[in-house]
Amino acid sequence: MYKLVLCWRYLRTRYIAIASIISVTLGVATMIVVNAVMSGFSNEMHKRLHGILSDIVVESVNINGIDDVEPMKKEIQRLVGDDLHGITTVVHVPAVLSFQYRQEYITRHVNLIGIDDKTHAAVSEFGQYLLHPNNRKQLSFALPNGGYLTHDLLADSNVRERTQLKNAGWPYRRYRVESEREYRRQIEQTKRIQPQQLTEGVPGTAAVTSGKVPTDPLSSPVEGVPLDPYSQHLEEQVFDPLHDQHTGIILGFSMASVRNRSDDGMIEDNFFCLPGDDVRVTLPSSGSPPKPIHESFTIVDFYESKMSEYDSSFAFVPLRRLQELRGMIDPVTGAAAVTSIQLKLRDGVTLSTVRDKLRARFPVDQFPVRIQTWRDMQGPLLAAVRMETTILNILLFLIIAVAGFGILATFFMIVVEKTRDVGILKSLGAPSSGIMSIFLTYGFSLGLAGSGVGMVLGLAFVANINEIAAALEWCTGHEVFDPTVYYFHKIPTIINAFTISWIVFGAILIAVMASVLPALRAARLHPVEALRYE
Amino acid sequence: MSSSMESVSLQNIAPGQHAAVRKAHGDMSGNWKTHLTTPRATLLETSHLKKSYHRGQVEIQVLNDVNLQIKENDWTSIVGQSGSGKSTLLHLLGTLDAPDQGAIHFEGNRIDDLPSRSRDILRNRHFGMIFQFYHLLPELNTLENVLTPLMISSGVLSYWLQKRHYTDRAKALLEHVGLGHRMKHLPRELSGGEMQRAAIARSLIAEPRVLLADEPTGNLDRKTGDDILEILRTLNRRENLTIVMVTHDDAVAGQADRIVRLAEGRVQEIT
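Protein chains in written order, with the numbering used here: chain B, 73 to 606; chain V, 140 to 410.
Since the hints were made in silico from the structure, they are not lab data. Misleading hints may appear alongside valid ones.
[What the hints assert, rightly or not] Now the in silico label distances, taken between C-beta atoms and shown as ranges: (1) H315(V) / L531(B): 49 to 57 angstroms; (2) M459(B) / K323(V): 55 to 63 angstroms; (3) E539(B) / T306(V): 47 to 55 angstroms.
For glycine and all other residues, C-beta sits at the position ideal for the given N, C-alpha and C.
Could you build all of it, start to finish, from the sequences and the hints given here?
Below is the structure:
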């Protein structure tokens with residue numbers, strides 16, 4: 073009983089000890105905040121990685137793909153059985169994409185992915201990252217007549233509405249084609265009236281005088297000779313961009329736009345191209361050696377997963393069209409080749425078990441395929457995040473360990489100060505274990521109080537992390553969390569009860585451990601010497 | 140005596156029991172209490188007690204072959220000059236320290252070689268101690284200081300179950316020593332005499348067999364010292380409490396039934 077009473081009195085009267093636990097409080101709060109943010113980021117990353125990668129991917133090691141995929145698909149369906157939720161075939165191929173923006177061509181490397189619009193939704197959450205509501209429900213490569221989402225669904229009020237998307241689709245395409253035709257008509261008219269005045273002394277007008285209008289070659293297949301050599305396709309002889317579209321393509325959002333912060337502090341997306349614009353894609357044919365194939369596509373939607381790597385490099389086209397273009401369809405048998413088969417398993421199925429079963433059935437020496445789970449494919453990235461979290465936790469726990477040394481020093485001071493009290497207690501019959509218990513209970517109480525307050529502070533911080541970030545931005549004038557970098561508008565956080573438990577337990581343990589040595593010293597004091605201590 | 144046996148015998152005596160009850164209980168629970176029925180029996184006894192301290196390389200012999208008997212219900216004063224070993228003798232009697240040689244017996248049982256835990260119980264239940272500098276715990280108020288020995292001997296649950304009973308006893312003792320109006324005061328708010336009276340109340344709360352007093356008036360003025368001596372006298376005469384008091388003041392020592400004079404670590408004279 074005396075242990076609790078004295079411990080409580082020491083807690084109430086020894087403010088230096090209270091001060092020493094502030095570092096425990098801060099350490100615990102920091103660890104909770106960091107772990108919550110790291111978990112949030114990690115979870116967002118997992119969601120997006122998994123959202124596009126499906127559960128298991130059977131991937132050809134050859135860019136020409138798996139020649140006759142149907143027997144393999146059937147064998148996979150037989151092997152996986154009821155655990156299979158969905159299966160689809162995909163063609164991946166590196167390609168170069170170019171489009172015109174303000175009188176110049178922008179060319180980019182892309183991962184061109186041919187997907188089956190009927191079955192792809194069954195293996196991934198691809199649809200939920202598209203900007204057109206109809207495509208979110210059922211994917212289609214036909215250009216919609218407007219109706220794109222103009223608000224970033226994961227954004228807050230700091231992100232400006234994407235007004236450019238309001239009329240995207242057919243309205244934008246018709247407006248653009250008509251504007252270009254009107255522009256050309258005016259140029260022609262001007263040329264007929266005063267050709268001499270226009271050309272004399274004006275640099276860069278040679279093209280005008282020669283009758284070749286420097287406008288979008290993609291949109292001038294009928295009138296005059298097109299400047300773009302790629303547009304000499306038979307189909308384009310009858311192609312009217314006012315009413316027709318090329319094969320649809322879905323572009324990664326970051327490929328078609330750039331995110332900036334405007335002068336008024338609002339975040340805005342500026343687009344290089346919109347749904348309704350045409351792009352040119354150059355891709356390698358199947359077979360050896362590969363030959364370049366040029367094809368026009370019409371942008372029908374954007375893909376915005378918030379994963380920078382995906383949004384800036386992925387472009388999706390219809391699987392069948394890509395197979396045709398690359399020559400992946402056998403003209404005799406009609407069998408189509410694919411570069412990968414993607415599987416979605418039912419919830420609760422262990423991915424690695426199914427993967428191992430497939431690997432056993434399709435050994436690498438007989439089948440040139442790589443069979444991986446989505447975690448295997450993103451292994452280095454996931455491992456890097458795990459390692460980062462671990463190192464951060466170790467570093468932050470060192471803060472609490474430092475706090476432990478503070479408690480140790482404070483406790484030694486208190487034991488010295490309380491030497492005579494220890495003598496008194498021993499003269500009254502208190503055992504050494506009881507004396508030790510006083511200081512251990514004291515350490516435990518400080519650890520409990522420090523980590524308890526730290527936990528409350530940490531949780532409160534996490535709950536209001538975006539408001540705190542905004543306040544810090546307001547105070548310092550520097551952006552704490554730049555959405556133009558992370559493509560998240562809010563700092564993602566996840567509170568994990570187990571993590572909080574071990575942080576609090578660890579902090580208490582450190583506080584108790586720090587009080588062991590001073591407590592032992594107090595317990596070993598000789599009662600007579602302690603009573604004489606001044 | 141084994142530690143477990145002693146532990147049982149000591150713990151069976153609940154603090155606060157009347158002395159007669161305790162004696163009766165003692166007769167049944169341990170052989171060291173069997174002779175309590177004998178009037179004026181030897182309560183504490185030292186034989187050939189030696190104790191030395193080391194100050195650096197120098198050994199200082201503090202007690203040298205001290206033989207002493209403390210009779211039950213006696214008030215014994217131990218006097219001597221500074222350094223004569225009187226406080227050391229008191230600490231040995233109270234099991235706060237262990238002798239280098241010799242033996243100490245309490246109620247016929249050797250206590251100097253008991254395990255540490257048994258000596259703790261002995262101090263808590265059977266020895267009351269008061270000191271020159273009072274030695275009250277500064278964080279606790281007067282009432283709590285008096286209750287401390289009971290808090291030490293009781294577990295949390297048993298203390299809470301008997302808290303009212305214990306508190307009533309402590310209040311009665313404080314009233315008895317004239318501190319009824321100072322129960323909630325912290326030690327720093329009390330005068331020297333009041334603190335010593337609180338210390339006396341604390342030493343009596345467990346109804347000890349013997350009160351060991353180390354210079355109880357050494358830090359008090361004459362009038363206050365006399366008051367403290369009067370309290371001790373009353374305890375000795377009316378409650379038959381055995382008192383062993385260390386003092387360097389012959390006038391104070393003269394209040395006792397017996398005076399043991401120490402010089403250079405030996406018993407020089409017993410009067």
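Verification of the supplied hints:
1. H315(V) / L531(B): 49 to 57 angstroms: Distance hint for H315(V), L531(B) holds at roughly 55 angstroms.
2. M459(B) / K323(V): 55 to 63 angstroms: 60 angstroms, holds
3. E539(B) / T306(V): 47 to 55 angstroms: Check passed, 52 angstroms falls within 47 to 55 angstroms.
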